[in-house]
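Order-wise, the sequence lines are chains A and B. Read in order, the letters of the first sequence are residues 0 to 248 in numbering that gives the first Met the number 0. Read in order, the letters of the second sequence are residues 0 to 145 in numbering that gives the first Met the number 0.
It is possible that some hints are incorrect.
Claimed, not checked - Beyond 12 Å from chain A on every Cβ pair, some chain B residues (computed):
| # | residue |
| --- | --- |
| 1 | Lys59 |
| 2 | Asp60 |
| 3 | Ile73 |
| 4 | Gly87 |
| 5 | Ala108 |
| 6 | Pro127 |
| 7 | Ala139 |
| 8 | Gln140 |
As the list claims (entries may be wrong) - What the simulated footprint calls covered on chain B by chain A, stretch by stretch (three residues with Cβ under 8 Å from a Cβ of chain A suffice, anywhere in the stretch; the number is not a length):
| # | segment |
| --- | --- |
| 9 | 6–19 |
| 10 | 25–34 |
| 11 | 109–123 |
Keep in mind the hints are simulated off the structure, nothing from the lab. Glycine included, each C-beta is placed from N, C-alpha and C at the ideal position.
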Amino acid sequence: MSNRLINWFKFASPQSFYPLAGRMIPWFWALAAVFGIAGLWISFFVAPTDAVQGEGYRIIFIHVPSSWMSMFIYLVMAAWAALGLALNTRLSGMMAQALAPTGALMAFISLWTGAFWGKPMWGTWWVWDARLTSELILFFLYIGFIALQAAIDDPRRADKAGAILALVGVVNVPIIYFSVKWWNTLHQGASVSIAKSPSMAQTMLWGMLIMALAFWMYSIAVALMRVRAIILERETHTEWVKELSEVKQ
Amino acid sequence: MKPRHKRTAIIAGGLAAIGIAAAFVLNALDSNIALYVTPSEVAAGKAPQGKAFRIGGMVKDGSLKRDSLTVHFIITDTAKDIPVAYTGILPDLFKEGKGAVVQGRLDAAGVFAATEVLAKHDENYMPPEAQHAVDQAQKAQKTLKP
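Using the sequences and the accompanying hints, generate a full structural model.
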């Protein structure tokens, strides 16, 4: 094996990843706080009122980042699941397990804020259109993943079962993303996409992107904290965990 | 072939199979997933007969009339028009020239009796000054055209 590969695989072991994650967490929390404060300040005080929706549009500063995160976290979770199945690494399953609750939270925030916006703007809390329904399915997939993992006692088997569920569900993510293009939906099309220049005012866009960064940093920080807890729980019996200063006390 | 290569191939194959299956299912469900039909599709007889359905389109400019509690307006996709009657509260974003989705039934006279009216918002977000500038530009363009 080449030198490059050895360095990379070093952090695939829970023992060496645990302290690395511990060192990274404060940085991600700090970044989350900085972006969060900047993003909220722009969202509430700098961004102009929308011509059609008035002040109610400001929900996008939470709604859009959480929707993006809910989809992206699922992709990352599925990637860890695939890695775990293919390479049989223990850390992969732990990462997937650590990401799921945050993903579920993001999907929930997305649905909840969407309903709040929908009532005054559309005239309804909920409608069974393709975008809303597929996002609800994503939320159920997260819940299903968490439940399935929790239902199996042997962690390695739980990881495998969860990984298969995560991989089967990944087909839903492009459906969510493209639903507004493929079918007639009440939900509007994407304001920001790779294919065209964004159809929103500059300051609004900046507010939204900075809020998205804040959500990213928060998600990474929380997932790392959770994965550390999972590592400790699963490796309690090992020597290195017993040697840890925080465990000894 | 190493075991991990084999497992990777199985995962890739499985994902491809699920993807293809999903594509077929969605293709078969196509018209059922759509939330609404367009006025042109109604005119072509594609609307469900004898049950409630939704029509989506633009509220035609100048077509909104209030008759005590009932509002009358025309929903259009620029090709075909459908008159709509609705009794109830309209959402904030409901406006002439903007998108709307109405749910209800067609009566014998060809009027769509709506039980629910939803406003459809587009993907454009801009401050009032920018909207004003856009409106002015469009007005200028209209007067320039012969």
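Open item on the list: Between the segment 6–19 of chain B and chain A, are there enough contacts, at least three residues with CB-CB distance under 8 Å, for the coverage claim to hold?
Closed with: holds (count 7)
- [ ] Check the non-interface label on B/Lys59: least C-beta distance to chain A beyond 12 Å or not.
- [x] Non-interface label stands for B/Lys59: nearest chain A Cβ at 18 Å, farther than 12 Å.
Task: Least C-beta distance between B/Ile73 and chain A, which was stated to exceed 12 Å - done: holds, 19 Å
Open item on the list: For the segment 109–123 of chain B, count the residues whose Cβ lies under 8 Å from any Cβ of chain A; is that count three or more?
Closed with: holds (count 9)
- [ ] Say whether it holds or is violated: B/Pro127 keeps its Cβ farther than 12 Å from all Cβ of chain A.
- [x] Not fine: 4 Å to the nearest Cβ puts B/Pro127 too close to chain A.
Open item on the list: Confirm or reject: B/Ala108 is not an interface residue toward chain A, with every Cβ-Cβ distance exceeding 12 Å.
Closed with: Nearest chain A Cβ is 26 Å from B/Ala108, so the label holds.
Task: chain A over the segment 25–34 of chain B, status - at least 3 residues with CB closer than 8 Å - done: Since 5 is at least three, the answer is holds.
TODO: May I ask you to check that B/Asp60 keeps its beta-carbon over 12 Å from the closest beta-carbon of chain A?
DONE: At roughly 16 Å from the nearest Cβ of chain A, B/Asp60 sits farther out than 12 Å, so the non-interface label holds.
- [ ] Could you let me know if the closest chain A CB is still more than 12 Å away from the CB of B/Gln140?
- [x] Fine: 19 Å to the nearest Cβ keeps B/Gln140 off the interface.
- [ ] Compute the least Cβ-Cβ separation between B/Ala139 and chain A, then decide whether it is above 12 Å.
- [x] Holds, because the least Cβ-Cβ distance between B/Ala139 and chain A comes to about 18 Å, which exceeds 12 Å.
Open item on the list: Checking a non-interface call: every C-beta of chain A should be farther than 12 Å from the C-beta of B/Gly87. Is that right?
Closed with: Nearest chain A Cβ is 9 Å from B/Gly87, so the label is violated.
Consistency with the previously given hints fails for numbers 4 and 6, ordered from lowest to highest.
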